Amino acid sequence: DQQVKQNSPSLSVQEGRISILNCDYTNSMFDYFLWYKKYPAEGPTFLISISSIKDKNEDGRFTVFLNKSAKHLSLHIVPSQPGDSAVYFCAASEGAGGYQKVTFGIGTKLQVIP
Amino acid sequence: DTGVSQNPRHKITKRGQNVTFRCDPISEHNRLYWYRQTLGQGPEFLTYFQNEAQLEKSRLLSDRFSAERPKGSFSTLEIQRTEQGDSAMYLCASSLAVGISSYEQYFGPGTRLTVT
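So the protein lines, in turn, are chains E and L.
In terms of our numbering, the first sequence is residues 1 to 114.
In terms of our numbering, the second sequence is residues 1001 to 1116.
It is possible that some hints are incorrect.
[Unchecked claim] Below, in silico cross-link-like pairs of lysine-lysine (BS3-like), each with a Cα-Cα straight-line distance of 27 Å or less:
#1 L:LYS1057 - E:LYS5
#2 L:LYS1071 - E:LYS101
#3 E:LYS101 - L:LYS1057
Quick caveat, the hints were computed from the structure, so don't treat them as lab data.
None of these values were measured; they are calculated from a predicted model.
Could you build all of it, start to finish, from the sequences and the hints given here?
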């Protein structure tokens, strides 16, 4: 049972345009959400996160939006750059104050075309 | 380089052999995690340590798998009597134990295991 779902396996975007990566989740106990970026032959790299008590978090070109009622979050990258080409994993965590078990989606491969 | 390191980066072994992987976390991180990633999937949680204590194990971690973290520093993951289904990327991550930073896990480059 996939508790974190990334339904788009791949996405192609022109350089300078907006990239929108989507993620849905089913577990209402998730209280923290994260996005990781992964280049080939490297481990995932933490990108940005959002607490369940917020609906938006912004860090430079990256913004994550959370819609708790729809159990949906999205990552916006504006403007997209060729160096953003990577696999993006959506992840969700439960266990405030204790151990944070993180559940990952299967990833979306983003290609930014120069 | 003060990131998470893993050794070896690649391991090819024959079915039935034992293998051991090592992870060195970021020095000030007291939480350490092991994940397994297969092709087309995201990382799947295997086990977790806080300092030297192993506090949680996934049902994915069969009795052929054992992990240790002596002295709360580096960790080892051993797979006994390897099977072809064990072929995967094994990822290690570490984090702090308190505050919002505890959610942010920092990953190593992984060890790719191929069982022939």
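Hints, verified against the model:
no.	hint	result
1	L:LYS1057 - E:LYS5	holds, 23 Å
2	L:LYS1071 - E:LYS101	holds, 23 Å
3	E:LYS101 - L:LYS1057	holds, 11 Å
The structure agrees with every numbered hint stated previously.
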